[in-house]
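There are 4 protein chains.
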Amino acid sequence: MKNDMKVFDNLESEVRSYVRSFPTIFTKTKGYKMWDHEGKEYIDFFSGAGALNYGHNDEKMKQKLIDYIMSDHITHSLDMASDAKATFLNTFHETILKPRNMDYKMMFPGPTGTNTVESALKLARKATGRTDIISFTNGFHGMTIGALSVTGNSMKRKGAGIPLQNVVTMPYDNYVDDQDAIDYIDRFLEDNGSGVAIPAAMILETVQGEGGINAASFEWMRKIEALCKRWGIILIVDEVQAGVGRTGSFFSFEPAGIKPDIICMSKSLSGYGLPFAMTLVRPEIDQFQPGEHNGTFRGNNHAFVTATAALDYWKDSKLEENIKDKAEKTHAFLERLVKEYPELKGEVRGRGLMVGVACDVEGLSNEIAAKAFEHGLIMETAGPNDEVFKLFPALTIDDEGLEKGLNIIEKSIQDVLEKKPELA
Amino acid sequence: MKNDMKVFDNLESEVRSYVRSFPTIFTKTKGYKMWDHEGKEYIDFFSGAGALNYGHNDEKMKQKLIDYIMSDHITHSLDMASDAKATFLNTFHETILKPRNMDYKMMFPGPTGTNTVESALKLARKATGRTDIISFTNGFHGMTIGALSVTGNSMKRKGAGIPLQNVVTMPYDNYVDDQDAIDYIDRFLEDNGSGVAIPAAMILETVQGEGGINAASFEWMRKIEALCKRWGIILIVDEVQAGVGRTGSFFSFEPAGIKPDIICMSKSLSGYGLPFAMTLVRPEIDQFQPGEHNGTFRGNNHAFVTATAALDYWKDSKLEENIKDKAEKTHAFLERLVKEYPELKGEVRGRGLMVGVACDVEGLSNEIAAKAFEHGLIMETAGPNDEVFKLFPALTIDDEGLEKGLNIIEKSIQDVLEKKPELA
Amino acid sequence: MKNDMKVFDNLESEVRSYVRSFPTIFTKTKGYKMWDHEGKEYIDFFSGAGALNYGHNDEKMKQKLIDYIMSDHITHSLDMASDAKATFLNTFHETILKPRNMDYKMMFPGPTGTNTVESALKLARKATGRTDIISFTNGFHGMTIGALSVTGNSMKRKGAGIPLQNVVTMPYDNYVDDQDAIDYIDRFLEDNGSGVAIPAAMILETVQGEGGINAASFEWMRKIEALCKRWGIILIVDEVQAGVGRTGSFFSFEPAGIKPDIICMSKSLSGYGLPFAMTLVRPEIDQFQPGEHNGTFRGNNHAFVTATAALDYWKDSKLEENIKDKAEKTHAFLERLVKEYPELKGEVRGRGLMVGVACDVEGLSNEIAAKAFEHGLIMETAGPNDEVFKLFPALTIDDEGLEKGLNIIEKSIQDVLEKKPELA
Amino acid sequence: MKNDMKVFDNLESEVRSYVRSFPTIFTKTKGYKMWDHEGKEYIDFFSGAGALNYGHNDEKMKQKLIDYIMSDHITHSLDMASDAKATFLNTFHETILKPRNMDYKMMFPGPTGTNTVESALKLARKATGRTDIISFTNGFHGMTIGALSVTGNSMKRKGAGIPLQNVVTMPYDNYVDDQDAIDYIDRFLEDNGSGVAIPAAMILETVQGEGGINAASFEWMRKIEALCKRWGIILIVDEVQAGVGRTGSFFSFEPAGIKPDIICMSKSLSGYGLPFAMTLVRPEIDQFQPGEHNGTFRGNNHAFVTATAALDYWKDSKLEENIKDKAEKTHAFLERLVKEYPELKGEVRGRGLMVGVACDVEGLSNEIAAKAFEHGLIMETAGPNDEVFKLFPALTIDDEGLEKGLNIIEKSIQDVLEKKPELA
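Protein chains in written order, with the numbering used here: chain A, 3 to 426; chain B, 3 to 426; chain C, 3 to 426; chain D, 3 to 426.
Chain A extracted, bound-state conformation:
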């Protein structure tokens, strides 16, 4: 029986979404390319929303995974000790933490972004005895109730069906024109009558992905860190989408020179697109009792294997150099685009290869992304009104792939604008 799209309409829940934006059945993939069941080839500028920073089905990781499975190493072990896990712990420590002088304990919550966020929020509250979390406008941290409470998007929040509590939303960098959001936060914290108590933690992304590719300045991040230090607030950086090289360095906060108290990782951490998450915690905050936060899939041995192999990319500077090179080309291209096509009312956003263009024309970004799909490019939109088309190529992409993808974007814009003379 040949599968067709009807099976999704008939059997899958209405909540399905990307299958609606990219309505075809994918059957094969490699690096930055994907093919569907009719053999059509696509350039992937979506990369699993940041879960495939190394591209699809990386050969070295694949081989390690195949070897592991073939030799009947342990697949599922909850948080029992496995060889694969021990090797990952050691390798991550040696390759990532030690060179950066980062002394963190590694915690394995359930294997998704929302689970690492939940573990971080719980731990911050337990460690401080306080209940509030400060989150930021347009932050996105997940769909389970704890993580959803610190997520800004109103449509997602309404999905909870209950008021979301114990959170105070503060303005992200540059949220209100001409106003320094730090003054605002500072005033709320220092004023005994502000109605805002000193929170357990602040949680932030250095570049907001779902929120619209908003990149905070390094100075803002340093001021936030200073506020946290001053008031004894735990600083949680959610690296789920921006981490693992997406913005140029392994951790996205490195160039700002800050040291978060808790770091949430998932998406590209496994390297191969396998479910995997890790919460890095400063030892003095590592206060859960054994088993106080648990879950069946904490630790995923297949992911330990591929994640260990993926760390090879960070043993020299080649990947970082490629990101830098491709990021520069992409930024230059996008800056040209917004100039050349003023009808877009476009603004280039982002950092490294976490970039996008915000179009101040309702619905336009979605049309461009849809047209790009027709032309063989996979690209999603983001932002509270889906106003940003978002470029997330594999970090390992070569010049040919990048150019091909960028050309499709330009062509798609031309096609869309052609049908909309009223924008000119």
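No lab work stands behind these hints, which were simulated from the structure alone. Be aware that a few hints might be false.
To be verified - Derived DMTMM-like pairs (lysine to aspartate or glutamate); straight-line CA-CA distance at most 20 Å: (1) A:K42 / B:D74; (2) D:K160 / A:E192; (3) D:K8 / C:D288; (4) B:K100 / A:D11; (5) C:K8 / D:D288; (6) B:K62 / A:D74.
For clarity, every value in this text was computed on a predicted model and none was experimentally measured.
Take the given structure of chain A and dock chains B, C and D to it, following the hints.
Then chains B, C and D, alone, in the frame of chain A:
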């Protein structure tokens, strides 16, 4: 570099737990057996807390998974359409739902138990416009804030660091001696002055795993279903631990003859121990907007592949017969045990191969499990005070493996009791 | 300009209620009698829902109040010291607390029942560091959010417009037929997996007024007190309606022999129907900082004056003897009623002069109360479905007044039943 | 027995506060003067924190009250109809509402500020079906849980012992230097990703009393009103402290030209310092069911009598002229003060006769107020750190009284500064 246990002490968070109960590094596994790095063999009566109902590294699933990976089929696709997913949808529908006359939509939340529970709670609230959930004493549904709010265990709940809201706990079947919990619940619901509003949903396990292997009677479940129908309450059955054959049938609620409105599945659903979860939803409740509940690892193609292969076990009655046979042997053995060793103050609990013995002697179950580990058996404890030692053999276990495991249990009991003459 | 009822329809909010049950304008009152603007006389078996235990406009209190006002003593003083307040503190201590060997601090919250309850809940949470309160089915404690959260009535709860949190409702004495509610509560508290944490406090009425004149047994109260002691739970008794002699003794819990940790008083405390409330607190729980709970009308000097005068009634046993005598007569009458008029499907409820008849016929109690109003008796209904007609005569009523009132009730029942032959 | 201060130490709760600032027993009062039990005379610049805008024991009101009591009119009637209530309804409507073209329904909640606020919050949530309330920094609305949740002061909030929910705090006018708070609020409301949902209501004071005599500009209020209109948000103005003439007009918002949807009144509404509160509600929001919000002391007949008499003050412009005159004198005096005594680091705040001086020297305002008490002036402090000494003379004060009071303030400042040469 050879891995040793120190790496976990040095680098992993204090929250780690099973590695403390089973302190060795596992390197190989097959069916119901595991081996550690020193070559010691173990019988596995733990089965990943129910995530490995088909045993470890099942050969047929393994081959399908290897083939899939080798041919560069798509690994990560969020909820885009892949061939693997289409095949799973079809196969699950044909093999499981259709023969049981079950008309449900399949939703893929994040790939863990707590994520399917969160999706169910949100959906129930959204669909009804009500906020409360009725959960049951000693229920266990996960560690994220939504799922934790319906989990009974006080140590786990305190880990939240915030009051857990929008939930009313009602007594599970047989919770208070000589009192019919249904009368109790009924009275609260029908009385306008009870302080308990008609909830959005009730969520329950048919056999409570973490809560102490408490099996509800079929009659109780039917009364609960009737109450839900009477008041328009959504009935959610959490099949994460009890489902996929653990109690004898694919769904644990089948012999009770009830039809839940929402069914939460995870753990053994992938068959191979891979992170995977699914929420089954009656079409009329399937009311999320596209993307209203999302997540990076909703849908896991490797798991779709193995889960499809695992469904072969349900195409004939062989597996069910084996469960029946082994369950009878296990129950008979345990009943003999508690009679022969009255010092245990033991009570046999459970249904199918989801069984255990509650020992009314503080700390005794943990000592027996620890001794069993020495003797080469992996077995965990459960219940609010860890008072139950819990037998979860692979459903595919053979007589030899089962007997070997049971013998180790008896020997472990003898060893422990020998050192405790005061119990005699 | 002569006032007529239209002014209420035109100018007052729709939330007005008793004016709908008793649709006339009252212009004069004395003792147990009221007169309306057309000169019609009424017997008052409502007594301001327990705020007028000494009858209306008691002559001695009135004289003291007039003298106080005439001499320009201080009327409003927040919680500054006034002579009137000092005298009340001393007199209440000498007349009520000392003879009962009760060592409590007196706190003056806002001058209403809901305010004393709020102060009690806040104090209990602050003193224990816990967040939950156990309330009881059909409890009624007030309409502000804190007090409403421990109130059972579903219509009232919905008025909040938000989920009411940090409360667990437990069954009141005799809530479920043939089930001992104490076993339930006990089990929930002692089981680490029950989902119910040890609360900050339990709050209860010894006789539930609004909830349907449900009188708890003394044994049940003693068991509750024992549970509170065992688990370090603060016991709050809400004496707002049942206190100040309504059930026969000054405090309604006296005959049970219990000693609450916090006692909430209001309604008849001022004696004269003036807004007034007091929270009695065991010294070790008296942990608010100065001004941590405040309010403009904490302390009401006019009420201090009349409340001091009212305490004269407790300097000898005459009032208590009158209550006893009238209560016996009333109970005997009601018992005869329910026997003689089986159509009522009546059940006599209550204690002392806090009594009523629950009629298991929908709407019947309201019809009887409405008919009684026509015949010159003011009497309200209570219970989750208004199924109880409620007798609250002044505690100072004489035989003539009591008999007149009871006769009107009997006549009203006869009139109503006559029109309802189908009940026979 | 002569009362002395020990009675308060021995018998009253630790929460007592003003008795600590003004440690003497008051026995007589008239207009703007008070006398203690030793005959010492005080000028009252406190006026019951705004509850005595007409001064103490106003002769006309007193006579009406005496007449009412003497003739045995009804004292307590819950919300049954009394002549006194009908007269108040008519008079308030004729004197206040009609001339201002205000079409509001009058609701009588419990007789305090916190109760009117609770009724307003509940009603706004019920009418909109939304749960959040926007409150403002340094707002003060009461101590019951609902009202406390919208109160800014951190010490008061902690007294709740639970997290306070369903509220978002926004910056009051001029909260952060050089930032326009309206832009900020506007951005949060219009952005779908802000994490702040459209609330049921905004609640604000036009001049924040407890929060530090912060007066919002009329322009800011109009912008707030426009925001509320744009988004369908109910605008609640809490007039408890600023209303009834304190700022110069009957309603403090009149000169701004706004029309709130709900108005909360209490304190000086009774005129005589009696407990009394009223919630004014636009008819279309008047959606409570009969009795959905109730309470024993809703409606206070003594207060109806004096409140009706008090409205005479608003039948001509004399009172308003006196307020204007005295306010000008007071402002001029305070402006001179802060110039002449730069050591105060003083800032004059407020509007009408709701004024104060914020001293940016820790503890200084409290010392000045304490010294003033020694010199025979009663004056309190406000603000999150008690940094403001607050002048609340009776609105009926004459020149002699005002000057006497102002002179005491200046003398007290001189005395305090003399002892603090380090401030010079």
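Going down the list of hints, with the structure as the test:
1. A:K42 / B:D74: 16 Å, holds
2. D:K160 / A:E192: 16 Å, holds
3. D:K8 / C:D288: 17 Å, holds
4. B:K100 / A:D11: Status holds; Cα separation ~17 Å.
5. C:K8 / D:D288: 17 Å, holds
6. B:K62 / A:D74: Judged against 20 Å, a Cα distance of about 13 Å means the pair holds.
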